[in-house]
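Novice: Next come the chains, spelled out residue by residue.
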Amino acid sequence: MEKEDLKQFFTVLINRHRRIIYKICYLYADNEADRQDLYQEILFRVWQAYPKFRGDAKFSTWLYQVALNTSFANLREHKKSVITHTADGLLPDTNYEATDDTETEQLALLHQAISQLNEIERAVVVLYLENKTYDEMESIMGIPNGALRVKMTRIKEKLKKLTKTD
Amino acid sequence: MELEELGELLNNNTERNIPNDNAAIRKSTAGPLSAFAKKLRFTLIAFPLAAVLFTAQFLDDAAARHSPTKWILVTVLFVEFLLAIFNYIIVKNIGNTEGNIKQNILNKFALIKNAYTVHLYLHLFLYAMMAVALELTMRYRLDINFEGWSTVAPILRIAVYMGFLIVQYFLRRISYKRYYGRYLEKIQQLALQLEY
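So the sequences go chain by chain: A and B. Residue numbers for the first sequence follow this note's numbering, so the first one is 1 and each next one is one higher. Residue numbers for the second sequence follow this note's numbering, so the first one is 1 and each next one is one higher.
It should be emphasised that the hints constitute simulated quantities derived from the structure, not laboratory data. Owing to the predicted nature of the structure, the values given are computational and were not obtained by experimental measurement. Beta carbons: idealized from backbone N, C-alpha and C, even for Gly. No false leads were mixed into what you were given.
27 Å max Cα-Cα, derived DSSO-like pairs, lysine-lysine:
(1) A:LYS3 <-> B:LYS38
(2) A:LYS160 <-> A:LYS132
(3) B:LYS92 <-> B:LYS186
(4) A:LYS3 <-> A:LYS52
(5) B:LYS102 <-> A:LYS52
(6) B:LYS102 <-> A:LYS156
(7) B:LYS92 <-> A:LYS3
(8) B:LYS92 <-> A:LYS58
Some chain B residues judged to face chain A by a derived CB distance under 8 Å, without partners named:
(9) GLU98
(10) ILE101
(11) LYS102
(12) LEU190
Some chain A residues judged to face chain B by a derived CB distance under 7 Å, without partners named:
(13) ARG45
(14) ASN118
(15) ILE120
All chains, full assembly: derive it from the sequences and hints.
Specialist: Have a look at this one:
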């Protein structure tokens with residue numbers, strides 16, 4: 001395939017799966033500016049790695065691996081790597097359009113809960129919420145099926161507790 | 001709130017706020033790894049430049065060609081150049097996104113750890129060899145520039161060499177930690193998170 005064709009094909013493919021990248025950025029970056037930076041970083045790494053994608057796994061599975069590996073290696077200077085909150089518990093610098101106050105509150109709660117999870121747990125959550133099977137999660141994470149189930153149970157309990165007390 | 005409810009909230013917000021622009025494929029990014037790789041690429045140019053300068057001097061000056069000190073300097077520069085390439089490869093590998101998450105983390109952990117050991121001990125060995133070469137140069141009077149140094153008491157010379165080796169060992173440790181420490185720390189954290 002010619003480079004231009006490859007680029008076009010890649011762009012179409014990425015546009016179809018942008019949601020995956022953005023969701024990961026949402027979970028791993030603190031604010032909108034960081035999210036955009038991480039989005040570009042992931043896109044850059046995906047494009048670099050794309051020629052090596054042999055198609056023996058689903059594109060989305062491969063994309064999750066590349067995007068998560070990029071997020072883990074992406075240590076930006078002078079910025080905190082955990083999600084921070086303002087004094088009122090809301091998220092700083094988010095351009096997120098919440099439809100009403102209840103949703104804003106729920107969003108803050110969601111972020112607060114997610115920020116309590118470690119990075120690996122966040123990755124497991126994002127895959128679980130994408131309705132990935134445990135087998136797919138195993139191939140992305142490299143963690144055995146059984147261990148993932150145990151992790152997921154723990155995460156659910158943790159989140160339940162966190163959202164209840166808040 | 002149940003996890004599924006959180007998921008729905010996350011999905012709705014991602015859908016609503018996803019950027020509308022087309023995927024812009026760039027040649028590089030402003031990420032710290034890319035910036036570090038750029039810095040290393042610059043240091044890689046330094047050796048060929050120094051090599052050109054030395055070659056010019058060697059061609060012009062026969063005495064320089066036979067000076068062990070000059071050859072020691074060329075050797076040091078060459079080893080530093082090799083280490084710069086080695087650093088560049090490490091940085092490229094830290095940015096590696098292939099493989100499943102666990103394997104990727106474990107590979108990077110092993111890579112940075114091993115590179116740390118190689119860096120420290122290779123430098124230590126190299127500078128120890130330089131001290132030996134310097135002593136041999138003085139012993140066989142190969143370079144008159146060291147006549148003064150050869151008059152210093154051997155015990156004092158050894159103490160200076162030892163002091164230099166210790167100082168450079170700690171400086172290397174600090175510099176390695178400055179460049180790779182945070183990556184190693186982060187990877188260690190992730191490896192722990194994988195276990196529990």
